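Trainee: Listed below are the residues making up each chain.
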Amino acid sequence: MNHTMVVDLGYGDAGKGTVVDWLCATRPVHTVVRFNGGAQAAHNVVLPDGRHHTFAQFGAGTFRPGVRTHLSRHVVVDPLALAAEADHLAAVGVPDALDRLTVDGEALLATPYHRAANRAREIARGADRHGSCGLGVGEAVAYGLAHPDEAPRVADCRSPALLRRRLAALRDRLTAELGPLDAPPVEDCLPAFTGFARRVAIVDRAHLAGVLRAGTCVFEGAQGVLLDEWHGFHPYTTWSTTTFANADGLLAEAGLAGEARRLGVLRVVTTRHGPGPLVTEDPTLPLTDPRNPTNPWQGRFRFGHFDAVAHRYALDVAGGVDGLALTHLDLAGPARSADDRPRRRPRLRLCRRYDTIDRLEPGPPGDLDRQAALTARLLRARPVYDDAPADWPAAVEDALGTPVELTSHSPTAEGKAVRNRTALTPGAGAR
Amino acid sequence: MGSGIWSTDVYDAADRYRRATGASAFSYSDSGARTVHAALDPRGAVRESRDSAEHPQSLAITVLFDVTGSMGNVPRVLQTKLPQLLGLLLRQGYARDPQIMFGAIGDATCDRVPLQVGQFESDNRMDDDLGRIVLEGGGGGQMTESYELALYFMARHTAIDCWEKRGRRGYLFVIGDELAYPRAKAREVARLIGDDLREDVPLRQVVDEVTRRWDTYYLLPAGSAYAGNRKVLDFWRGLLGQNAVELDDLDAVCETIALTIGLGEQAIDLDEGLRDLRRAGSAATGTVSKALARLGGGRRTEVSPLPAPGTKRGGVSRL
Chain A
274 MNHTMVVDLG YGDAGKGTVV DWLCATRPVH TVVRFNGGAQ AAHNVVLPDG RHHTFAQFGA
334 GTFRPGVRTH LSRHVVVDPL ALAAEADHLA AVGVPDALDR LTVDGEALLA TPYHRAANRA
394 REIARGADRH GSCGLGVGEA VAYGLAHPDE APRVADCRSP ALLRRRLAAL RDRLTAELGP
454 LDAPPVEDCL PAFTGFARRV AIVDRAHLAG VLRAGTCVFE GAQGVLLDEW HGFHPYTTWS
514 TTTFANADGL LAEAGLAGEA RRLGVLRVVT TRHGPGPLVT EDPTLPLTDP RNPTNPWQGR
574 FRFGHFDAVA HRYALDVAGG VDGLALTHLD LAGPARSADD RPRRRPRLRL CRRYDTIDRL
634 EPGPPGDLDR QAALTARLLR ARPVYDDAPA DWPAAVEDAL GTPVELTSHS PTAEGKAVRN
694 RTALTPGAGA R
Chain Z
1324 MGSGIWSTDV YDAADRYRRA TGASAFSYSD SGARTVHAAL DPRGAVRESR DSAEHPQSLA
1384 ITVLFDVTGS MGNVPRVLQT KLPQLLGLLL RQGYARDPQI MFGAIGDATC DRVPLQVGQF
1444 ESDNRMDDDL GRIVLEGGGG GQMTESYELA LYFMARHTAI DCWEKRGRRG YLFVIGDELA
1504 YPRAKAREVA RLIGDDLRED VPLRQVVDEV TRRWDTYYLL PAGSAYAGNR KVLDFWRGLL
1564 GQNAVELDDL DAVCETIALT IGLGEQAIDL DEGLRDLRRA GSAATGTVSK ALARLGGGRR
1624 TEVSPLPAPG TKRGGVSRL
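Those sequence lines, one after another, are chains A and Z.
Basically this note's numbering = 1-based index in the first sequence + 273.
Basically this note's numbering = 1-based index in the second sequence + 1323.
These are calculated hints, taken from the structure and not from any lab test.
Hints are not guaranteed to be accurate.
Claimed, not checked - Restraint ranges, calculated between C-beta atoms of paired labels, are given here: (1) A:Gly592 x Z:Arg1419: 54 to 62 angstroms; (2) Z:Pro1379 x A:His420: 49 to 57 angstroms; (3) Z:Arg1373 x A:His420: 50 to 58 angstroms; (4) Z:Gly1416 x A:Ala690: 32 to 40 angstroms; (5) Z:Arg1435 x A:Pro457: 40 to 48 angstroms.
Stated by the list, open to error - Covered stretches of chain A, as calculated for chain Z (at least 3 residues, CB under 8 angstroms): (6) 369-379; (7) 438-452.
As the list claims (entries may be wrong) - Some but not every residue of chain A turned toward chain Z, in silico, with C-beta under 7 angstroms: (8) Pro457; (9) Pro458; (10) Glu460; (11) His480; (12) Tyr658.
Everything numeric in this text was worked out from a predicted model, so none of it was measured.
Each residue gets a CB set at the ideal place from its N, CA and C atoms; glycine is no exception.
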């Protein structure tokens, strides 16, 4: 069936959205399946005519007519943000996004109470912020773990009485712990959630198996492997498994274990939004990212040189990939632009080892003390740079021991090129 | 990590879903319009469902509903469900390239807008047509609407490639709760559609003509004024046989249409269809199963040969 799984091998923001859009633009894709994260994802896709959308809950293939989105049970679903996102999609010429959406009824809901609790906690952390987005995704996961039978889930939106009960219990527990929350009364929240249930197709677990047999699917990861809840640099991580693990599990449930290509996405500069280790950070790099402005929850968007040590580690904890997509190569492009004006080019470098560490060894998942110790070492580590490579894809391939199959030179699908002929070539390996 | 740029306001979201489910989707009508929207005017019109590079296997589907007062709130409820129809058809693979047209039926003897017909659309542009429909609201109270004019238009003013190229009928669903007038009157046809007929066309002949190219169903929903009224059901059973279907839950209309098409296209049997609906989270399986049991059991689909001009065939031979 030619399914592909796409994950980010950095701290996020490497360009998963644009890679998923390219996959959907170059072959017949049935459904984009989201398998982690929630509304805090921000996958930017730009069309040649300038239209742009930041995909949060809809799959990044939604600009392509007919491509559906499935939110699996591993996604934390935020119906409020979903409505706003659908409205924006309609404004940029995609009026039927909600019609092309299916949501697993078992998925946890993010509610205004989670969001308010999330913000209250993050504010209380003061200078020690974790880099949360303030949308309550982690809070929803935590509540779901603590109260698995009472946590509000997507299917509850079909039963207003049940949902009312669960929202009230949630509000009461969080209020008891944190004090009054800045969130509307339960009764006011209900119309939004029941409206969501009336409008969106809520399905059960078996739905995805049918979809996976009906056509080619793209599994779109959110965030980045280096932020993984078990393998990331604790405590600067997310409440989400950002490796292929969830996608692998969903495929196995459908009897299709191993039946998908694994694609890792990397940016030619290593970036991080939010606090935590970024060993190669270089504030003098003359780079900006208009899509990632400074915000009160994550602060400044940080740029660093290509950190092959960290990306190698991400590859190891993710269990390897079949190929890499390398984005933002225009930054490493020629010194003159197409119209022959000189470009201000950042001096990009490549880091293969740190001063005290040659290689980061993956530990067993979930050993957070070990991960915290690793974080402490990383915060002290200094990068050792090699000279800027002349051929970035070849250098990355060499440093990571993995082929670069796709290169991206612009935000649009048209700015992508298959490097050598691989299984990613449109039409190659088709059924 | 990303950032939450989409609004998460609860009041806003409730309003957005309300709009997305079409609670006030009849904006043209609600703004006070009392004449047919130019895009839906049947006068001199031919509506075409054609194959294209993007949709090589087009399948014409028409949904016409009664918009008079006797149906109460029915059109608005239908409107909230119908946009999902396309998604349901595509998602379950019942039809490869469905093209859907919406239209509305009133009473030519007393309504200002007795017939409105949109275009065949293969995407959500069909919502635009829905939004342009004028809801009459009045209603004569004589238990009769001008269904015959709508059927006449479908018989003589539509051109569909599924029939012309592949000999497969389109699907026509009429949702209503009243009787038709006994003949399509030449005077009304001239005024509303623009054809110059020398004499009236009897209803029976109109039905024969339309069922030649259209698999025609009459859906009589519960909650409408005359639902359960044997006279209405018997009237349509006499014209369409078991294709006159009673629905005990109006909310199930979208699913009923989808499954009827799935059955007709032999994409599924009834059990599979009901399983699909359950999997899609539909609460309507009971209603649909009841309504379609007669269609599903012992159903045989006859695909007619490519039509020879002038061949005269009556009744509903597909069932």
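Trainee: Now look at each hint and say whether the structure bears it out.
Mentor: Here is what the structure says about each hint:
1. A:Gly592 x Z:Arg1419: 54 to 62 angstroms: 38 angstroms, violated
2. Z:Pro1379 x A:His420: 49 to 57 angstroms: Cβ of Z:Pro1379 to Cβ of A:His420: about 52 angstroms, so the range 49 to 57 angstroms holds.
3. Z:Arg1373 x A:His420: 50 to 58 angstroms: 56 angstroms, holds
4. Z:Gly1416 x A:Ala690: 32 to 40 angstroms: 34 angstroms, holds
5. Z:Arg1435 x A:Pro457: 40 to 48 angstroms: Cβ of Z:Arg1435 to Cβ of A:Pro457: about 44 angstroms, so the range 40 to 48 angstroms holds.
6. 369-379: Contact hint for the region 369-379 of chain A vs chain Z: holds, 6 residues under 8 angstroms.
7. 438-452: violated (count 0)
8. Pro457: 5 angstroms, holds
9. Pro458: 10 angstroms, violated
10. Glu460: Violated: closest Cβ of chain Z sits about 10 angstroms from A:Glu460, beyond 7 angstroms.
11. His480: Interface hint status for A:His480: holds (5 angstroms vs cutoff 7 angstroms).
12. Tyr658: 26 angstroms, violated
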